[in-house]
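Engineer: So the sequence lines, in the order shown, correspond to chains A and B.
Here this note's numbering = 1-based position in the first sequence + 554.
Here this note's numbering = 1-based position in the second sequence + 17.
Hints are supplied without guarantee of correctness; some may be wrong.
[As the list claims (entries may be wrong)] In silico EDC-like pairs for lysine to aspartate or glutamate, Cα to Cα no more than 20 Å straight-line: (1) B:Lys-74 to A:Asp-648; (2) A:Lys-611 to A:Asp-635; (3) A:Lys-563 to B:Asp-55.
[To be verified] Sample of chain A residues at the chain B side, in silico, Cβ under 7 Å: (4) Glu-586; (5) Gln-596; (6) Arg-597; (7) Leu-598; (8) Leu-600; (9) Asp-635; (10) Tyr-644; (11) Met-649; (12) Phe-651; (13) Gly-652; (14) Ala-653; (15) Gly-654.
By construction, these hints were calculated from the structure, which means they are not laboratory data.
Here the structure is a predicted model, which means the values were calculated and not measured.
Even for Gly, the Cβ is constructed at its ideal location relative to N, Cα and C.
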Amino acid sequence: AQRVTQPEKLLSVFKGAPVELKCNYSYSGSPELFWYVQYSRQRLQLLLRHISRESIKGFTADLNKGETSFHLKKPFAQEEDSAMYYCAEYNNNDMRFGAGTRLTVKP
Amino acid sequence: DGGITQSPKYLFRKEGQNVTLSCEQNLNHDAMYWYRQDPGQGLRLIYYSQIVNDFQKGDIAEGYSVSREKKESFPLTVTSAQKNPTAFYLCASMGSGVQPQHFGDGTRLSIL
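The shape of chain A in the complex, shown without the other chains (with noise of 0.2 Å):
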């Protein structure tokens, strides 16, 4: 069963506009949550997590427990953001992610 949800497998934006990537998740407890990025060429790395609450190349998450979200936002796109966003939710001893959202910021 599909634990991560990304709705959107495309999204499209102009450089300065604002961006937000879907995530939802199905576990009804405590998750821990994960933004990763794939940029072009290389290696999949992670973006953010939500227990830092951190806010990572203008990038910020909000863990929603009452919409059991977590999507992924930042005011002002750049197009070096233009890349692959998997979110991912660890739990019991696995980490799961969602289909991906393929991001592309035109200039």
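Using the hints, position chain B against chain A.
Structural biologist: Just chain B now, kept in the frame of chain A:
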């Protein structure tokens, strides 16, 4: 980042042949994972291992096998029973507790 090394980078399999993908880590991580990455489907978990000599099936384990004889190594064998093996395979490791995963560069497997 030499923490996780996957080899080979490209691999070709003939019909009916088993092939083994290598994954080695020098991060002293206990947990290791294998994922399959297909376009539009994200990363799907094949197998994972929390400690040496122990591993569990993920969502799509059929047609695959693993071993964990050493902490540093978690090879994945794609058997002939896997009817659609063409994909990009990613290995990851994770430290104790809930830590971010570290990923390798991946292996692209194709069928001849």
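Engineer: Restraint: Arg-597 (chain A) near chain B, CB-CB cut 7 Å. Satisfied or not?
Structural biologist: Cβ of Arg-597 (chain A) sits 5 Å from chain B, so the hint holds.
Engineer: Hint validation: Ala-653 (chain A) versus chain B, beta carbon distance must be below 7 Å. Holds or violated?
Structural biologist: holds, 4 Å
Engineer: Holds or violated: the hint that Met-649 (chain A) contacts chain B, with Cβ atoms closer than 7 Å.
Structural biologist: The hint holds - Met-649 (chain A) has a Cβ within 7 Å of chain B, the shortest such distance being about 6 Å.
Engineer: Given Phe-651 (chain A) was flagged as interface, is its beta-carbon under 7 Å from a beta-carbon of chain B?
Structural biologist: The hint holds - Phe-651 (chain A) has a Cβ within 7 Å of chain B, the shortest such distance being about 4 Å.
Engineer: Are Lys-611 (chain A) and Asp-635 (chain A) close enough, with their CA atoms no more than 20 Å apart?
Structural biologist: holds, 9 Å
Engineer: Please verify that hint: Gly-652 (chain A), Cβ, nearest Cβ of chain B, below 7 Å or not.
Structural biologist: With a closest approach of 6 Å, the Gly-652 (chain A) hint holds.
Engineer: Would you settle whether the hint for Tyr-644 (chain A) is holds or violated, based on the nearest Cβ-Cβ distance to chain B being less than 7 Å?
Structural biologist: holds, 5 Å
Engineer: Verify the interface restraint on Asp-635 (chain A): the C-beta must sit less than 7 Å from at least one C-beta of chain B.
Structural biologist: Check failed: Cβ of Asp-635 (chain A) comes no nearer than 19 Å to chain B, outside 7 Å.
Engineer: Can you confirm whether the C-alpha distance between Lys-74 (chain B) and Asp-648 (chain A) stays at or below 20 Å?
Structural biologist: This hinted pair holds, its Cα atoms lying about 10 Å apart.
Engineer: Against chain B, run the beta carbon of Glu-586 (chain A) and see if the smallest gap drops under 7 Å.
Structural biologist: For Glu-586 (chain A), the interface hint holds, since the closest Cβ of chain B sits about 5 Å away, which is under 7 Å.
Engineer: Was the hint right that Leu-600 (chain A) lines chain B, CB cutoff 7 Å?
Structural biologist: This hint holds: Leu-600 (chain A) lies near chain B, its Cβ roughly 4 Å from the closest one there, short of 7 Å.
Engineer: Was the hint right that Gly-654 (chain A) lines chain B, CB cutoff 7 Å?
Structural biologist: holds, 4 Å
In terms of the numbered hints stated before, the structure departs from hints 5, 9, listed from lowest to highest.
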